[in-house]
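Colleague: Sequence:
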Amino acid sequence: MPTNLVSTAASYDLQTVLLNIGCAFALSFLVALVYRATHRGLSYSQSFTISLTMIGFLIASIVMVIGNSLALAFAGVGAVSLIRFRTAIKDVRDVVFVLLAVSIGFASGTGNYLIAAVTAVFSMLVAFALFKINFGSIRKYDYVLSFSAESASFHGDKLRALFAEFLKFDNLLNVVARDNGRALDHSYNIKFINPDEIEKFAKRLSELPGVSDVDIISAKNDIEY
Numbered sequence: 195m196p197t198n199l200v201s202t203a204a205s206y207d208l209q210t211v212l213l214n215i216g217c218a219f220a221l222s223f224l225v226a227l228v229y230r231a232t233h234r235g236l237s238y239s240q241s242f243t244i245s246l247t248m249i250g251f252l253i254a255s256i257v258m259v260i261g262n263s264l265a266l267a268f269a270g271v272g273a274v275s276l277i278r279f280r281t282a283i284k285d286v287r288d289v290v291f292v293l294l295a296v297s298i299g300f301a302s303g304t305g306n307y308l309i310a311a312v313t314a315v316f317s318m319l320v321a322f323a324l325f326k327i328n329f330g331s332i333r334k335y336d337y338v339l340s341f342s343a344e345s346a347s348f349h350g351d352k353l354r355a356l357f358a359e360f361l362k363f364d365n366l367l368n369v370v371a372r373d374n375g376r377a378l379d380h381s382y383n384i385k386f387i388n389p390d391e392i393e394k395f396a397k398r399l400s401e402l403p404g405v406s407d408v409d410i411i412s413a414k415n416d417i418e419y
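The sequence shown runs 195 to 419 under my numbering.
Be a bit skeptical, because a hint or two may be false.
Below, computed lysine-lysine pairings styled on DSS-like, alpha-carbon distance capped at 25 Å [stated by the list, open to error]:
#1 Lys352 x Lys397
#2 Lys362 x Lys385
#3 Lys397 x Lys385
#4 Lys394 x Lys362
#5 Lys284 x Lys326
#6 Lys352 x Lys326
#7 Lys326 x Lys385
#8 Lys362 x Lys326
#9 Lys352 x Lys394
#10 Lys352 x Lys362
#11 Lys397 x Lys362
Please keep in mind that the hints were generated in silico from the structure rather than gathered at the bench.
The task is simple: from the sequences and hints, build the whole structure.
Modeller: Written as structure tokens, this is what we have:
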């Protein structure tokens with residue numbers, strides 16, 4: 195077997211090890227903060243955020259252990275293959291942050307601190323910018339409104355007047371009849387003229403004759419109907 199395929203692992207002094215691991219940890223920690231600040235949806239996991247801070251320096255340590263040794267590289271792959279990963283990542287964005295943490299770990303572990311820093315900073319700036327401009331969203335409405343109304347006492351004209359006063363857009367999703375048509379459950383997509391008046395709108399809607407069980411849910415996150 196050619197000797198260049200199997201070489202010994204690189205040797206690092208304590209200062210280099212601490213610097214590599216420290217750089218990976220610091221950058222991964224910042225990445226985790228950005229992930230938490232820009233996260234949307236109901237699938238947020240504290241354990242995933244903590245894991246992001248650890249992936250970087252763990253990868254850095256693995257890279258230092260392997261060094262230029264092909265044998266250690268195969269051993270590392272074999273060890274990882276024995277681990278059964280049961281956690282399913284639901285959001286593709288989570289995968290991107292994991293890859294970012296891994297790349298930081300590789301760069302830090304090989305002593306390429308500039309690459310690690312530039313990659314981390316650039317990625318975090320892009321994540322913040324896309325988050326602020328709500329890039330990729332086709333959402334026109336901000337909230338989902340649902341309420342129940344008694345057919346005998348409910349007046350649609352009063353509802354429309356209230357909508358015109360508070361809402362910029364509204365779209366009827368569905369109406370479900372209950373109790374042989376004596377009660378109707380309404381669902382709307384809505385967007386407020388002034389988001390600060392949500393509570394006032396909910397109170398006014400609840401005061402309409404026959405209206406009850408008013409519920410307003412934010413649709414700024416990913417919601418499936």
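Colleague: Which numbered hints does this structure break?
Modeller: 6
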